[in-house]
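J.: Sequence:
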Amino acid sequence: MMAEEWELGVGARVRTAREERGLTTRALASLAGLSQSLLSDVENGRTVPSVASLYAIAEALGTGPAELLPQDDDSARLTEHGVPLPSAGPGEAVSTRMLYGAPGRRIEVYMSSYPAGQTDPEPFQHSGEDIIMVLEGRMTLTVGDRDQELRAGDAAWLDSSAPHSIQPLGRTGVRIIVITAR
1 MMAEEWELGV GARVRTAREE RGLTTRALAS LAGLSQSLLS DVENGRTVPS VASLYAIAEA
61 LGTGPAELLP QDDDSARLTE HGVPLPSAGP GEAVSTRMLY GAPGRRIEVY MSSYPAGQTD
121 PEPFQHSGED IIMVLEGRMT LTVGDRDQEL RAGDAAWLDS SAPHSIQPLG RTGVRIIVIT
181 AR
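As numbered in the UniProt record's numbering, residues 1 to 182 make up the sequence shown, in order.
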């Protein structure tokens, strides 16, 4: 699937889900905490939502982010290199790829790379649970007001409805796998 097709697919799925729920763009934008113009740009394929925005839209629609991403209709799925998702905002260098997620499934798997010095722009929260596994580097995981240092090989579980953020430590950044269960 080409990038433009993917962007249009995300927008079409957001629009369809919104219309099925009888929501206006203004109402959905308000529920998701986003601007109406951003939501319109997403629905019209002019932009792809950041990971945080995708989660906010999905939460407002009462679904998971994978439900809003274009999917193939396979009973088994192999994802090579994952689906790249936009970073949190302009100038953000965090790279996130969805490795697995499918409509009707409760599990999503992401791989994210945070360069040294790059933190989450703001704490993130969504329904469900997360397991974070550190593949390379070191990081501080902040959940609520608690900080925990994690190193390569460490894993952490969290109730993802609590605000959480990641800050890489050291000069090399950090690469993680996040498994989200809803």
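Hints were generated in silico from the structure; no laboratory data involved.
Being a predicted model, the structure only gives us computed values, none of them experimental.
Wrong hints could be hidden among the right ones.
[To be verified] Label pairs and their in silico Cβ distance ranges: (1) Pro123 with Ala155: 16 to 26 Å; (2) Gly153 with Pro115: 31 to 41 Å; (3) Thr119 with Asp159: 18 to 28 Å; (4) Gly117 with Glu19: 41 to 51 Å; (5) Thr172 with Arg26: 38 to 48 Å; (6) Ala152 with Pro121: 43 to 53 Å; (7) Leu135 with Arg21: 18 to 28 Å; (8) Arg46 with Arg97: 14 to 24 Å; (9) Gly22 with Ala152: 46 to 56 Å.
Glycine included, every Cβ here is placed at the ideal spot set by N, Cα and C.
J.: All hints are to be evaluated individually against the structure, with a verdict given for each.
T.: Cross-check of the supplied hints:
1. For the pair Pro123 and Ala155, the beta carbons lie near 20 Å from each other, so the given range of 16 to 26 Å is met.
2. A hinted range of 31 to 41 Å for the beta carbons of Gly153 and Pro115 is inconsistent with their spacing of about 20 Å.
3. Between Thr119 and Asp159 the beta carbons are some 21 Å apart, a value that agrees with the proposed interval 18 to 28 Å.
4. Evaluation of the 41 to 51 Å hint for Gly117 and Glu19 yields a pass: the beta carbon distance comes to about 42 Å.
5. Under the hint 38 to 48 Å, the C-beta atoms of Thr172 and Arg26, about 44 Å apart, fit the expected range.
6. Between Ala152 and Pro121 the beta carbons are some 24 Å apart, a value that contradicts the proposed interval 43 to 53 Å.
7. One distance hint, 18 to 28 Å for the beta-carbon pair Leu135 and Arg21, is violated here, with the actual separation near 37 Å.
8. Between Arg46 and Arg97 the Cβ separation comes to about 22 Å, which falls inside the hinted range of 14 to 24 Å.
9. Roughly 48 Å separates the CB atoms of Gly22 and Ala152, a value that falls within the hinted 46 to 56 Å.
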